[in-house]
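Chains as they are written, first to last, in my numbering: chain H, 1 to 319; chain P, 1 to 605.
One or more of the hints may lead you astray.
Capping the alpha-carbon separation at 16 Å, the derived lysine to aspartate or glutamate pairs in EDC-like fashion look like this [as the list claims (entries may be wrong)]:
#, chain 1, residue 1, chain 2, residue 2
1, P, LYS546, P, ASP592
2, H, LYS312, P, GLU494
3, P, LYS546, P, ASP479
4, H, LYS313, P, ASP403
5, P, LYS423, P, GLU452
6, H, LYS308, P, GLU262
7, H, LYS64, H, ASP31
8, H, LYS244, H, GLU269
9, H, LYS308, P, ASP403
10, P, LYS173, P, ASP198
11, H, LYS205, H, GLU63
12, P, LYS439, H, ASP31
13, H, LYS308, P, GLU598
14, H, LYS313, P, GLU401
15, H, LYS312, P, GLU598
From chain P, some residues computed to sit far from chain H (all C-beta separations above 12 Å) [as the list claims (entries may be wrong)]:
#, residue
16, ASP419
17, MET465
18, VAL489
19, ARG578
20, LEU586
These are calculated hints, taken from the structure and not from any lab test. Idealized CB from N, CA, C, for every residue including glycine.
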Amino acid sequence: MSTESNVLTAASADAAAPAPAAPAPAAPVADKLTKKALTADHPTWCPGCGDFAVLNIFYRVLEKLQYPHENIVCVAGIGCSSRFPYFMNTHGIHFIHGRALPLATGVSLSRPDLHVFVFGGDGDGFSIGGNHLNHAARKNVKLTYIIMDNFVYGLTKKQTSPTSPIGFKSKTDPTGAIDRPINPMRQLLASGATFIARTHAAQVKHMEAMFERAIKHDGFSVVECLSECVMFYASAFDDSTPRKGGVFETIDEAQHDVTDETAAFKMAENLTPGKFGVYYQVNRPTKNALEQKWIDDTQSKMNGMTPKDVLKKRLETMR
Amino acid sequence: MSSTTIESAGSSTPSRTLRNAVIRFAGNSQDGIQSIGGFLARLAGRTAQEVMTYMTIPSTISGGPSIFQVHIGSGQVLTSGDEADVLVAFYQHSYDGHISSLRDGGICLYDSTPTSMERDAVVNLKHERGIKHIGIPFTSATVEAVGGSPRDRGKNMFVMGLICAVFNLDREKLVGIIARQFGKKDEQVLRNAMLAFDAGYAYQVGDLDKFFFEHGEAEAGHRISTDGNQMLTLGLLAAGVRYGAAYPITPWSTIMETLRTELPKYGGIYVQAEDELAAVSLTIGAAFAGHLAVTGSSGPGLSLKMEALSYASMAELPLIVINVQRGGPSTGLPTSVEQSDLMQAIYGSHGDCPRIVLAPQDVEDCFYIALEAGKLARKYSCPVIILSDQALSSRIEAFHEPDVDMHWVEPGLNLTPKDADFKPYPLERNTHHAAPGTKMLGGKYPVVTGLEHDEWGHPSGSPKMHSAMTNKRRRKLLDAAAEIHAPKVHGDQEGDVLLVGWGSTYGPIRESTDRLRAEGYKAGHLHLRHIHPLPDGIQPVLNHYKHIIVVEMNDYGAYGYGQLAMLLRARFCNPAIRSVCKTDGLAFRIKDIVTGVEKHLAGGA
Numbered sequence: 001m002s003t004e005s006n007v008l009t010a011a012s013a014d015a016a017a018p019a020p021a022a023p024a025p026a027a028p029v030a031d032k033l034t035k036k037a038l039t040a041d042h043p044t045w046c047p048g049c050g051d052f053a054v055l056n057i058f059y060r061v062l063e064k065l066q067y068p069h070e071n072i073v074c075v076a077g078i079g080c081s082s083r084f085p086y087f088m089n090t091h092g093i094h095f096i097h098g099r100a101l102p103l104a105t106g107v108s109l110s111r112p113d114l115h116v117f118v119f120g121g122d123g124d125g126f127s128i129g130g131n132h133l134n135h136a137a138r139k140n141v142k143l144t145y146i147i148m149d150n151f152v153y154g155l156t157k158k159q160t161s162p163t164s165p166i167g168f169k170s171k172t173d174p175t176g177a178i179d180r181p182i183n184p185m186r187q188l189l190a191s192g193a194t195f196i197a198r199t200h201a202a203q204v205k206h207m208e209a210m211f212e213r214a215i216k217h218d219g220f221s222v223v224e225c226l227s228e229c230v231m232f233y234a235s236a237f238d239d240s241t242p243r244k245g246g247v248f249e250t251i252d253e254a255q256h257d258v259t260d261e262t263a264a265f266k267m268a269e270n271l272t273p274g275k276f277g278v279y280y281q282v283n284r285p286t287k288n289a290l291e292q293k294w295i296d297d298t299q300s301k302m303n304g305m306t307p308k309d310v311l312k313k314r315l316e317t318m319r
Numbered sequence: 001m002s003s004t005t006i007e008s009a010g011s012s013t014p015s016r017t018l019r020n021a022v023i024r025f026a027g028n029s030q031d032g033i034q035s036i037g038g039f040l041a042r043l044a045g046r047t048a049q050e051v052m053t054y055m056t057i058p059s060t061i062s063g064g065p066s067i068f069q070v071h072i073g074s075g076q077v078l079t080s081g082d083e084a085d086v087l088v089a090f091y092q093h094s095y096d097g098h099i100s101s102l103r104d105g106g107i108c109l110y111d112s113t114p115t116s117m118e119r120d121a122v123v124n125l126k127h128e129r130g131i132k133h134i135g136i137p138f139t140s141a142t143v144e145a146v147g148g149s150p151r152d153r154g155k156n157m158f159v160m161g162l163i164c165a166v167f168n169l170d171r172e173k174l175v176g177i178i179a180r181q182f183g184k185k186d187e188q189v190l191r192n193a194m195l196a197f198d199a200g201y202a203y204q205v206g207d208l209d210k211f212f213f214e215h216g217e218a219e220a221g222h223r224i225s226t227d228g229n230q231m232l233t234l235g236l237l238a239a240g241v242r243y244g245a246a247y248p249i250t251p252w253s254t255i256m257e258t259l260r261t262e263l264p265k266y267g268g269i270y271v272q273a274e275d276e277l278a279a280v281s282l283t284i285g286a287a288f289a290g291h292l293a294v295t296g297s298s299g300p301g302l303s304l305k306m307e308a309l310s311y312a313s314m315a316e317l318p319l320i321v322i323n324v325q326r327g328g329p330s331t332g333l334p335t336s337v338e339q340s341d342l343m344q345a346i347y348g349s350h351g352d353c354p355r356i357v358l359a360p361q362d363v364e365d366c367f368y369i370a371l372e373a374g375k376l377a378r379k380y381s382c383p384v385i386i387l388s389d390q391a392l393s394s395r396i397e398a399f400h401e402p403d404v405d406m407h408w409v410e411p412g413l414n415l416t417p418k419d420a421d422f423k424p425y426p427l428e429r430n431t432h433h434a435a436p437g438t439k440m441l442g443g444k445y446p447v448v449t450g451l452e453h454d455e456w457g458h459p460s461g462s463p464k465m466h467s468a469m470t471n472k473r474r475r476k477l478l479d480a481a482a483e484i485h486a487p488k489v490h491g492d493q494e495g496d497v498l499l500v501g502w503g504s505t506y507g508p509i510r511e512s513t514d515r516l517r518a519e520g521y522k523a524g525h526l527h528l529r530h531i532h533p534l535p536d537g538i539q540p541v542l543n544h545y546k547h548i549i550v551v552e553m554n555d556y557g558a559y560g561y562g563q564l565a566m567l568l569r570a571r572f573c574n575p576a577i578r579s580v581c582k583t584d585g586l587a588f589r590i591k592d593i594v595t596g597v598e599k600h601l602a603g604g605a
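Isolated chain H, as found in the complex:
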């Protein structure tokens, strides 16, 4: 259950790079990575949006980790939260709705020297991209996915989201939502994610701890971060916001073995307000490592043949 043992430092990031020779993982650079260096345009989010806190905490965690600036990649799909890459001064890509995870998979598998972060919302992650979430989790792709869950479609102005609770009144459910909401923790557990945590945008210290542990996890790590939409669902997280009379109940890891899948399932039963913290974390070989092992094993049997020789030999067999 140790989390320290799977800490992935920048210097020990995935071992050999596949050809075409991707550069070896870069060691921390001399130039200090500061919040100022990481800041880009001012976010276009509404004043009071929970996503501001997520952005600020992400700056802070990167400042702490000091990865080389040029090796940080922010990936997003579509939605309010998916504008994240524009507000981060790092290499970034703003992709189509729901497909940020497969795109990030392509980045991660082809470039082991990079630190890949994916940002999105509940619609992007659990609805249109739901299938990709299952498969990125099962493949254990090396990346960190932060889902800013606000229980509503905000960018398109208040439609029901896959996490909207039953009874939530929206433009698409004027008499109240009737479909059972997704339970993110249980879905992720069932899919085989190796790091699953839950946090709250109003609890910045907790969020910082979760982000840091997720990023250091060697594998597919997901943090569901409840992040209030002040325009379309302002009361969504009152039950878990002490300031508004709710209870923010964290997981006591002395009582909860994070490697116990059954315990994690049990704990995930209560959707809201639910518990906050690391639900589950195990070590399983990443897809990145397994693919690299296949490459290494294959190439070790090639007796020094270059790829060009391999192609020539293959053509020879067709003569």
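Knowing the structure of chain H, use the given hints to seat chain P on it.
Just chain P now, kept in the frame of chain H:
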């Protein structure tokens, strides 16, 4: 031509020399007739002969009627043959279904195993059109040689031996090819195969001439024989493609299967994605990360990739997309040939999203088109779609082995630091993104985006910027059109009719053109490998002919023109452009084309 090579046997000398012959094997999909065809095709490649094969398989997991047709010759072989000189029928249904494909005076070898042993032994022979029937007990003779029950395989090898003897094929070379194929399995398999082969070779056919193929003229360099999917795959590897992803679909799948097992040798990774959308997204991820990557599919799968392809145009990322077309719409005819995804390839997706579309004309060209796709994708940072098709994917041809040293592209990752004035989307130049890992010396890092943007990649809804960026993306096509060459016209450079085609119909159209010229028409053939953009310089070519007939395997559409014909009419406003189309899921025969063209020339249709 094939129809004049073999005369009805038994009428003259006991042996005769052939320039070429078409042999059709008809049986069920599990009888191993594809193996026979494959062996013959490989043998032809090794004996300086030309070869083209044609196969049909049922769209079922196992069983079902299947054919394999081999056209072998010492002269130029451009098609798999309109009609067969020899039909090898394994069953009654094979005989009934294919005897009409045998030419007048052709030879039919059929399984005459007594009905007590084989329910389907051929009966009710049609003694007409000068066809010579020769019954040979494929099944019982195989059982006699190998042992086991009639259900055991092996009669394909018996037939192989028989064909080897009848056509005086190079036995030593053929046995070598068979040994290499079966030797991979186990000794028992090879032993049984050889027992059956020898039994077939030794079988006394009786009243049949021995045929000899003229020796082909040995040319410099090696020749290889393989199919289109294989050559596309090898072309991608030579082009420096090391990453990609796809989802299985017929007839595309064999490309992804080969890439999945081959790429680790090249240090690369190919992912089987959860769906088509994930596949193209993953590939765009690898492209964003700085690699040339490939995804591919067949018809319906290409439709699913469309949103992401629109993104790749907008975000200006290089990408190779292969579409091995099959019969459509919807799941259509998964194992039949059609060229009906052209409009989708060029105009599918939302918005104006320019991309380059190429089509290989034969198996050999699959290799070179993959290389060219890589070059164009890199240069113009946009998606390049390769339109292959079902016929090309599986047919085997013999051709010159490509010179790997000459064409090899070493994949590279460009992480050269960028200066402060770096613009990811310059209006005046081609976009070449800074891959992650690139130091930005000015301290500002770029975001690649599908939102309309300014030169720095900032989202911009300005009307002026959208026009400027749309112009910029379109201009790539104009530059590409100026860079690529118009293809040379085969045949008459001016006159009555120009036949225009694209993709795998190259051979039949070329032979049809020659046939028309032999009949006295002044005819030319223009085959387009670059379909979008069209190369500059086509307009003057069209002006030299009275009639322009586009020959393609898709429907006439609402206004009477096939898909390429429609595009050419729109592009050149030329009323002389007409269509000969066909949608039966089978490859064009020469007579389909010649008849269709003559109808137009006569002023009909």
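Outcome of the hint check:
Between P:LYS546 and P:ASP592 the alpha-carbon distance is near 21 Å, which puts this suggested pair outside the 16 Å criterion. For the given pair, H:LYS312 sits about 42 Å from P:GLU494 by alpha-carbon distance, which is inconsistent with the 16 Å threshold. Restraint check: the Cα-Cα separation between P:LYS546 and P:ASP479 comes to about 30 Å, which exceeds 16 Å; the hinted pair is violated. The straight-line distance between the Cα atoms of H:LYS313 and P:ASP403 is roughly 12 Å, inside the 16 Å bound, and the hint therefore holds.
For the suggested pair P:LYS423 and P:GLU452, the alpha carbons sit about 15 Å apart, so the restraint of at most 16 Å is met. For the hint pairing H:LYS308 with P:GLU262, the CA-to-CA distance comes to about 12 Å; that is within 16 Å, so the pair holds. A hinted pair counts as satisfied when its Cα atoms are at most 16 Å apart, and H:LYS64 with H:ASP31 qualifies at roughly 13 Å. For the proposed pair H:LYS244 and H:GLU269, the alpha carbon gap of about 24 Å is over 16 Å, so the pair is violated.
Proposed proximity of H:LYS308 and P:ASP403 is supported: the alpha carbons are some 11 Å apart, at most 16 Å. With a C-alpha separation of about 14 Å, the suggested pairing of P:LYS173 with P:ASP198 holds against the 16 Å cut-off. For the hint pairing H:LYS205 with H:GLU63, the CA-to-CA distance comes to about 15 Å; that is within 16 Å, so the pair holds. Using a Cα cut-off of 16 Å, the hinted pair P:LYS439 and H:ASP31 holds, with the two alpha carbons roughly 12 Å apart.
Between H:LYS308 and P:GLU598, the direct Cα distance comes to roughly 49 Å. Violation of the 16 Å bound is thereby established for this hinted pair. Taking the CA atoms of H:LYS313 and P:GLU401, the gap is near 11 Å; set against the 16 Å cutoff, the hint holds. Simply put, H:LYS312 and P:GLU598 have alpha-carbon atoms about 46 Å apart, too far for the 16 Å limit, and the pair is violated. With a cut of 12 Å on Cβ distances, P:ASP419 stays outside the contact zone with chain H, its closest approach being about 14 Å.
Residue placement check: P:MET465 keeps its beta carbon more than 12 Å from all beta carbons of chain H (closest about 16 Å). Against the 12 Å criterion, P:VAL489 stays outside the reach of chain H, whose nearest CB is about 32 Å from its own CB. Even its closest Cβ contact with chain H, about 40 Å, leaves P:ARG578 beyond 12 Å, as expected for a residue assigned away from the interface. The Cβ of P:LEU586 sits about 27 Å from the closest Cβ of chain H, beyond the 12 Å cut-off, so the non-interface label holds.
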